[in-house]
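Protein chains: 4
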Amino acid sequence: MSPPKAFAVIAGVGPGTGSSVARRFAKSYPVIVLARTPASYEGVVSDIESSGGQAIGINTDLSDEASVKAAFKKITTELFPNTPLAAAIFNPGGGFVRKPFLEITEKEFASGYDNQAKGAFLFSKATLPLLLKGVEENLEHPPSLIFTGATASVRGSANFSVFAAGKFALRALSQSLAREFGPKGVHVSHVIVDGVIDIPRTKAWKFEHEDAKLSPDAIADSYWFLHTQPRTTFAFEIDLRPYVEKW
Amino acid sequence: MSPPKAFAVIAGVGPGTGSSVARRFAKSYPVIVLARTPASYEGVVSDIESSGGQAIGINTDLSDEASVKAAFKKITTELFPNTPLAAAIFNPGGGFVRKPFLEITEKEFASGYDNQAKGAFLFSKATLPLLLKGVEENLEHPPSLIFTGATASVRGSANFSVFAAGKFALRALSQSLAREFGPKGVHVSHVIVDGVIDIPRTKAWKFEHEDAKLSPDAIADSYWFLHTQPRTTFAFEIDLRPYVEKW
Amino acid sequence: MSPPKAFAVIAGVGPGTGSSVARRFAKSYPVIVLARTPASYEGVVSDIESSGGQAIGINTDLSDEASVKAAFKKITTELFPNTPLAAAIFNPGGGFVRKPFLEITEKEFASGYDNQAKGAFLFSKATLPLLLKGVEENLEHPPSLIFTGATASVRGSANFSVFAAGKFALRALSQSLAREFGPKGVHVSHVIVDGVIDIPRTKAWKFEHEDAKLSPDAIADSYWFLHTQPRTTFAFEIDLRPYVEKW
Amino acid sequence: MSPPKAFAVIAGVGPGTGSSVARRFAKSYPVIVLARTPASYEGVVSDIESSGGQAIGINTDLSDEASVKAAFKKITTELFPNTPLAAAIFNPGGGFVRKPFLEITEKEFASGYDNQAKGAFLFSKATLPLLLKGVEENLEHPPSLIFTGATASVRGSANFSVFAAGKFALRALSQSLAREFGPKGVHVSHVIVDGVIDIPRTKAWKFEHEDAKLSPDAIADSYWFLHTQPRTTFAFEIDLRPYVEKW
Numbered sequence: 001m002s003p004p005k006a007f008a009v010i011a012g013v014g015p016g017t018g019s020s021v022a023r024r025f026a027k028s029y030p031v032i033v034l035a036r037t038p039a040s041y042e043g044v045v046s047d048i049e050s051s052g053g054q055a056i057g058i059n060t061d062l063s064d065e066a067s068v069k070a071a072f073k074k075i076t077t078e079l080f081p082n083t084p085l086a087a088a089i090f091n092p093g094g095g096f097v098r099k100p101f102l103e104i105t106e107k108e109f110a111s112g113y114d115n116q117a118k119g120a121f122l123f124s125k126a127t128l129p130l131l132l133k134g135v136e137e138n139l140e141h142p143p144s145l146i147f148t149g150a151t152a153s154v155r156g157s158a159n160f161s162v163f164a165a166g167k168f169a170l171r172a173l174s175q176s177l178a179r180e181f182g183p184k185g186v187h188v189s190h191v192i193v194d195g196v197i198d199i200p201r202t203k204a205w206k207f208e209h210e211d212a213k214l215s216p217d218a219i220a221d222s223y224w225f226l227h228t229q230p231r232t233t234f235a236f237e238i239d240l241r242p243y244v245e246k247w
Numbered sequence: 001m002s003p004p005k006a007f008a009v010i011a012g013v014g015p016g017t018g019s020s021v022a023r024r025f026a027k028s029y030p031v032i033v034l035a036r037t038p039a040s041y042e043g044v045v046s047d048i049e050s051s052g053g054q055a056i057g058i059n060t061d062l063s064d065e066a067s068v069k070a071a072f073k074k075i076t077t078e079l080f081p082n083t084p085l086a087a088a089i090f091n092p093g094g095g096f097v098r099k100p101f102l103e104i105t106e107k108e109f110a111s112g113y114d115n116q117a118k119g120a121f122l123f124s125k126a127t128l129p130l131l132l133k134g135v136e137e138n139l140e141h142p143p144s145l146i147f148t149g150a151t152a153s154v155r156g157s158a159n160f161s162v163f164a165a166g167k168f169a170l171r172a173l174s175q176s177l178a179r180e181f182g183p184k185g186v187h188v189s190h191v192i193v194d195g196v197i198d199i200p201r202t203k204a205w206k207f208e209h210e211d212a213k214l215s216p217d218a219i220a221d222s223y224w225f226l227h228t229q230p231r232t233t234f235a236f237e238i239d240l241r242p243y244v245e246k247w
Numbered sequence: 001m002s003p004p005k006a007f008a009v010i011a012g013v014g015p016g017t018g019s020s021v022a023r024r025f026a027k028s029y030p031v032i033v034l035a036r037t038p039a040s041y042e043g044v045v046s047d048i049e050s051s052g053g054q055a056i057g058i059n060t061d062l063s064d065e066a067s068v069k070a071a072f073k074k075i076t077t078e079l080f081p082n083t084p085l086a087a088a089i090f091n092p093g094g095g096f097v098r099k100p101f102l103e104i105t106e107k108e109f110a111s112g113y114d115n116q117a118k119g120a121f122l123f124s125k126a127t128l129p130l131l132l133k134g135v136e137e138n139l140e141h142p143p144s145l146i147f148t149g150a151t152a153s154v155r156g157s158a159n160f161s162v163f164a165a166g167k168f169a170l171r172a173l174s175q176s177l178a179r180e181f182g183p184k185g186v187h188v189s190h191v192i193v194d195g196v197i198d199i200p201r202t203k204a205w206k207f208e209h210e211d212a213k214l215s216p217d218a219i220a221d222s223y224w225f226l227h228t229q230p231r232t233t234f235a236f237e238i239d240l241r242p243y244v245e246k247w
Numbered sequence: 001m002s003p004p005k006a007f008a009v010i011a012g013v014g015p016g017t018g019s020s021v022a023r024r025f026a027k028s029y030p031v032i033v034l035a036r037t038p039a040s041y042e043g044v045v046s047d048i049e050s051s052g053g054q055a056i057g058i059n060t061d062l063s064d065e066a067s068v069k070a071a072f073k074k075i076t077t078e079l080f081p082n083t084p085l086a087a088a089i090f091n092p093g094g095g096f097v098r099k100p101f102l103e104i105t106e107k108e109f110a111s112g113y114d115n116q117a118k119g120a121f122l123f124s125k126a127t128l129p130l131l132l133k134g135v136e137e138n139l140e141h142p143p144s145l146i147f148t149g150a151t152a153s154v155r156g157s158a159n160f161s162v163f164a165a166g167k168f169a170l171r172a173l174s175q176s177l178a179r180e181f182g183p184k185g186v187h188v189s190h191v192i193v194d195g196v197i198d199i200p201r202t203k204a205w206k207f208e209h210e211d212a213k214l215s216p217d218a219i220a221d222s223y224w225f226l227h228t229q230p231r232t233t234f235a236f237e238i239d240l241r242p243y244v245e246k247w
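Which chain is which? The protein sequence lines are A, B, C and D, in order.
Using full-length UniProt numbering, you'd call the opening residue of the first sequence number 1 and step up by one each time.
Using full-length UniProt numbering, you'd call the opening residue of the second sequence number 1 and step up by one each time.
Using full-length UniProt numbering, you'd call the opening residue of the third sequence number 1 and step up by one each time.
Using full-length UniProt numbering, you'd call the opening residue of the fourth sequence number 1 and step up by one each time.
Excised from the complex, chain A in its bound form:
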């Protein structure tokens, strides 16, 4: 089997956005999916393989430098040596804490930063050299680095200081990388997901209106659309929400 021209890596794969994004990008690229435990990625890996795609899961704690380095060492030496990266998606869900401020411990507060900002930093450090290689090799679409944001990326609500601190920091990083690496040909984007996503965990949540939850497959279509934009016309930010969402 000849090596692929390029591959994609999706960090943070559970039953929602991450898996849908992996399935969407797997239509065009072999994908690596990163998650803390095999239970998180086994389903999507098997889905992709049974659809004729190629997917490999690697146990990775995105907020741990050694773990991220080990994952990318495996990728660049064993799995896809000398292969450019077409797309890197950062989508971990950790760091969500909702409680009155005076009850938050320092360790809980740090979880917002560790999961969202530190994780994004480590992931960006590992993927940007491979994305720049994709620019050099003139891949079909500009290599893309896409970060998942949330309502808390632009609004610090009461009781949401932990998650908002992490998500604001992640957005700062996204902007800074877009301004540094955009001119080098890497498309850096930030997607604000504003609402409840329709996943198994939220199945029981009933709303007044039907279709009141975001479709993870439709979110994935937006990521893919961003990936296919030419460098003349890059979007940095897009906000996604159900038609009935209050905002």
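Treat the hints loosely; a few may be bogus.
[What the hints assert, rightly or not] Straight-line C-alpha distance at most 27 Å; calculated BS3-like pairs for lysine-lysine: (1) D:Lys-69 - A:Lys-107; (2) D:Lys-99 - A:Lys-99; (3) B:Lys-99 - B:Lys-27; (4) B:Lys-246 - B:Lys-73; (5) A:Lys-246 - A:Lys-184; (6) C:Lys-69 - B:Lys-73; (7) D:Lys-99 - A:Lys-125; (8) B:Lys-184 - B:Lys-133; (9) B:Lys-184 - A:Lys-125.
[Stated by the list, open to error] Quick partial rundown of chain C residues pointing at chain D, CB under 7 Å, derived from the structure: (10) Thr-83; (11) Ala-218; (12) Ala-235; (13) Tyr-243.
Since the hints were derived computationally from the structure, they do not count as laboratory data.
The structure presented is a predicted model; accordingly, all values stated were derived computationally and were not measured.
All C-beta atoms, glycine included, are put in the ideal place defined by N, C-alpha and C.
Got chain A; can you put chains B, C and D on it based on the hints?
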């Protein structure tokens, strides 16, 4: 010939974004293009027809209530009676004035409002009932009302008060309509075009980097992508700029 | 009586913010108050005079070019010839319409622009030359041009398109003027008033918490504070709301 | 000597904003100043005492939980037992790193968070109970918690990812606390300092215009003004810059 299931209307068609959007939407719908003079729309109408599409131009001054009413009377009684509207795009370029504030006349200042905000108001009043009809008839994609913004939609730069006042007002209207008509099933979006568009008028403008101008066809692809989003996952705003643009 | 060193002008004087601002600035300057009818300004003029200050009301329709020109002709030829302007405050309340979009007439929509943006344009054209004269004459505080904003300056809510279009446009103008005239020594600011103001008209509105309405005198203190900032340290924007306001 | 009615604490005291704020608040309250080393606070403590005020410095590493706890144990048991806090100002300068992204180490990236967000978290946890005590005791001015922001609080520029991540996270925390503790009577504010501050370290930086640097004393006046606002009329955010600053 049987009547079409739905049609699209694009207001503000010149050699740039408007024509590209018209060509893109004409792949799926008959399109009406509105511009002050036939010289603005004749080229795109003939392009579309020679590609097998259907396009009709109507002379319209978007900032004039009587002119807009006449155009839509023609559309709803002669051209597409009882036909829902799939997409309405507001893209007029008028109202651009760049000069020191104390040299601006009241008439010049009004041109920003008239072309951008008043025009958008009249266009929205005319199209929303037809878009709501599209919701009732359960068209393939949620009926869409898309407004073209600019850098001046989010930044009032020195010497840009006229255009910024018009574009800020247009963005206010877009937000208000998204919040009122989103829950009714109409997808209202606002696209921030941040940079120089690659059109005949800007051909001579040379930049340090190649690909430093926005592609109007790529802008049109973004409008089409917005149009195809399902109602579970609507984007309100997207910003588009060349990879080397400073922002 | 020798002519004053400088004076202030407040446009839009009713029972709320405008009158409080006039009283506050009248402690240091003779003030001109502009309103459509004497009923709006007679009370504050008499308040100021009975406190030992100097105040003059002029009937002015801020959205009418001839009316604004007439008022400033009177000011610069009869009342305060050759006198620099220390502060100009734009505070008219007109253009507030709250209704479903499809019920709004073109004339109603224009009222947001006319009262807020066109009025601010005309007022700025009339006052900036007098404020620049204040820079030349090295007044104690940098001459100030302050605009009153609202929640609708930064958010286009459902049913608020008229007022939001006017207030967004006013904010665009404010930013543009701050960037053009700040470096010339004029302090241009925009104050976002986010909440219900405690005035006679809102006396009957009861809230769960006490002190749930903005104090017009405290708003005026913020305007005065902005006016006294040195040019090394200008604030452009400040947002004011009651402690219990949701935002 | 009878105990004071209330005191103020300023975290992050060097030769700029922190010292000016301490001097300003010391006109009304005894002040505690926190900094890593006595060299940072000895000057301002002696300034305040020679002006007849009261100031005490405590060596504190704001990003270290044990150090912050020790400082506040000393304050609440030895220095000001049973005394409410009138104002708490968070102003540490650490975490400023400016370099290309791929050269940043994980430790450097963490310094933005540690100094700005973690420090602000620890400081808020320590001060909010004392500020709430000030609400109960109905102090003259609403107890205030004020955070120092920067350009990087609202813009992630190229090469500024470290500082921007920290400052964005700090702003998220500020918003969340304002929304939670505002209704409880604590005035939480965030000040965006946008420009070069006129301190010994920047004395040699020459600009085209005079007065092109922010005055730390004028910044301190803004903090004091925020502190004196009544709860009917709280500002959350204010942006400060020199009149010639580009923004």
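Hint check results:
Between Lys-69 (chain D) and Lys-107 (chain A) the alpha-carbon distance is near 15 Å, which keeps this suggested pair within the 27 Å criterion. About 36 Å separates the Cα atoms of Lys-99 (chain D) and Lys-99 (chain A), which puts this hinted pair outside 27 Å; it is violated. Our distance criterion of 27 Å between C-alpha atoms is broken by Lys-99 (chain B) and Lys-27 (chain B), whose separation comes to about 41 Å. With a C-alpha separation of about 44 Å, the suggested pairing of Lys-246 (chain B) with Lys-73 (chain B) is violated against the 27 Å cut-off.
Our distance criterion of 27 Å between C-alpha atoms is broken by Lys-246 (chain A) and Lys-184 (chain A), whose separation comes to about 38 Å. Using a Cα cut-off of 27 Å, the hinted pair Lys-69 (chain C) and Lys-73 (chain B) is violated, with the two alpha carbons roughly 41 Å apart. A distance of roughly 14 Å separates the Cα atoms of Lys-99 (chain D) and Lys-125 (chain A); the hinted pair therefore holds under the 27 Å criterion. Restraint check: the Cα-Cα separation between Lys-184 (chain B) and Lys-133 (chain B) comes to about 11 Å, which is no more than 27 Å; the hinted pair holds.
Using a Cα cut-off of 27 Å, the hinted pair Lys-184 (chain B) and Lys-125 (chain A) is violated, with the two alpha carbons roughly 44 Å apart. Taking 7 Å as the C-beta contact cut-off toward chain D, the hint placing Thr-83 (chain C) at the interface is violated, the least distance being around 23 Å. Hint status for Ala-218 (chain C): holds, given a least beta-carbon distance of 4 Å to chain D, under 7 Å. Taking 7 Å as the C-beta cut-off, the interface hint given for Ala-235 (chain C) holds, the closest approach to chain D being about 5 Å.
With its C-beta approaching chain D no nearer than about 4 Å, Tyr-243 (chain C) sits inside the 7 Å limit, and its interface hint holds.
The structure fails hints 2, 3, 4, 5, 6, 9, 10 (numbered hints given earlier, in ascending order).
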